Each structure stands twice: as C-alpha cells, then as structure tokens.
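K.L.:
Using the sequences and the accompanying hints, generate a full structural model.
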Amino acid sequence: MEHVADQILEREPRISIPDLLVQTNETVDRNLHKNFHIPSDDSGSTAVSVLAIGSTLYCSNVGDSRCILGVRNPAGKVVPKALSSDQTLYRADERQRVLDLGGRIDQNGDPPRIWLQKKFEPGCAFSRSLGDKIAETVGCVATPEIMAHELSDDDVVCIIASDGVWEFLTNQNVVDICLATLDPYTASYKIVSTAYQEWYEQEERIDDISVIVLFFGRHEMQQNNDQNVRLDTLPKRSRRGSHAKLAVEFEKTASILPVEERNTRRGSFSRLGFSKTRGSMDA
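Quick note: UniProt numbering has the sequence shown finishing at residue 283, numbered continuously throughout.
By construction, these hints were calculated from the structure, which means they are not laboratory data. Predicted model only: the values in this text are computed from it and were never measured. Beta carbons: idealized from backbone N, C-alpha and C, even for Gly. Mixed in with the good hints there might be a few duds.
Heads up, simulated SDA-like pairs for lysine to any residue below, C-alpha to C-alpha not over 25 Å straight-line [what the hints assert, rightly or not]:
(1) K118 with P39
(2) K34 with V22
(3) K77 with E150
So the derived label-pair ranges between C-beta atoms look like this [as the list claims (entries may be wrong)]:
(4) T143 with A75: 34 to 40 Å
(5) Y185 with E145: 27 to 33 Å
(6) S152 with D110: 36 to 42 Å
P.N.:
Here's what the structure looks like:
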C-alpha cells in the first residue's frame, strides 16, 4: 500500500488525501489481478489503513476489518469511536449497491452472502475487498470508504483489527482491554487471546485474529515487565466433546474482561437476521 501511494504522489503531487487512498486501494486491486502467481479470482483480503497527516487521522476501509478510537468523553470515560463502517450485506446501502450491480444476495444465511445470479459462487460475506475478481463482477468492489478524524488530547488509543476480533467482542470490550494496560504489546496480546478464547468456546473453527494497537503520545506507556509472553502459550483445541474451561493468565495485568451484554455479530440476535447494533435486515 505504502509504495503504491508513493508512486501515485509522484505522478499527482496535489492529489487530495481521500482521492489518494481510493486510488491506492484500486491500484493494489488491479495489481493483484495482474499477478499470475496470486489466484485472485476467488481469493482476496479486507483492508483497513490509517494515515496521519498533521492533526488529521484518515481511515480507508474495504471489508469488515475495523478501526476504532478510544476517546475520553466529557464525563471522563474512554469510549469507542468508529473510524470505519463494516461493509457487509447487513448494511442496507451495501445490499442495494450489490443488487444494482447484478449480485444475488442470500439473506437467509448467517451471515448473508453475495452470489452470482446462476451459480453458488463466490459467497463473500463482505461487500468490498481487494482481489476477489469473480465477486467484483457482481458488486464486491475495491473502492474504499474514507473517514477523517481531527486528533485531540482526548484521543487515547487507536485499534485496527481483523473481523475475527469483532465477531465476539464489542468496540467497548476492546477499548477496555487496552485501558487495562497502556502498553501496546500487552494490549494486543490480550485482545488476540480473548478473541481466541471466545472462538474456541463457541465455534468449531477459529477465524483470522490480527490486531494493531497505537497509544497516542501524551498517554505514557507503562513498562511491560513481561516481554517473554509468547503466542504459542495460547490454548489448543481439545478433543471434540470436551468443554474444559480455558484460563489465559497474564502477569501484572487485569484479568480478561467479561463480555456479557455484548452487541456483536454473533448470537441469538444475529441468527435471526438482525442485531442491536446493525438493525433490521430490512432497514
């Protein structure tokens, strides 16, 4: 992404930042299709990117990875502010855009997916991505949505994470985990392991779980005294039928936060086709 953006800036030094981010995503997408070593017909990736220019933070997003900020409100509580909006078929505007471009949507699925008119492919659960050439023919485009945020002293933390994090954790859950320690390494590790445990306990598979945590300058980082924490200490899946409770422990950090009363993509609401956060499928 960075190298492509640099090349565009050399050609168009006066390009606006939003236009630069759009062109960068679309160029990367075209380059993927030109590379015969990458089978992009039926594979691709979501992509969320953040660019800081002066005091402005720009976020470019395709797909259902997500970027959020932890921002201190007037009452002193750090609450999440979304810098991206998940591009899935739960969004009425994205559904309509895909339908207008010839896609077929199975709204009975959890999640709903994009299909060709007469074939059960590609089956994408997101409505924008890089790659996914077949899906592009029916509306799964690489054009990102851009959001901008003016940074202030109230901004505490920025979290960028793949959809495997957000499947079971709310934005507030993730912000609270970060606030338990102002060290980005420990915060990242705790987010990954918490999401991992939720997948382990509730599903037969584990989705991709990736995260980047950035604390803003004036919020001093606590010294992480346990630099030997390793990802290979994550619990392994037990034999089928076992319901052993997992316990991932962290020295000198708060315990894993509870996730009761969460508004997430999964659970009884989502299986009925809607949730508290995304609204009715017919919205």
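K.L.:
With reference to the structure, classify each hint as holding or not holding.
P.N.:
Hints, verified against the model:
{"no.": "1", "hint": "K118 with P39", "in the structure": "holds, 22 Å"}
{"no.": "2", "hint": "K34 with V22", "in the structure": "holds, 19 Å"}
{"no.": "3", "hint": "K77 with E150", "in the structure": "holds, 19 Å"}
{"no.": "4", "hint": "T143 with A75: 34 to 40 Å", "in the structure": "holds, 38 Å"}
{"no.": "5", "hint": "Y185 with E145: 27 to 33 Å", "in the structure": "holds, 30 Å"}
{"no.": "6", "hint": "S152 with D110: 36 to 42 Å", "in the structure": "holds, 39 Å"}
The structure meets every hint from the earlier list without exception.
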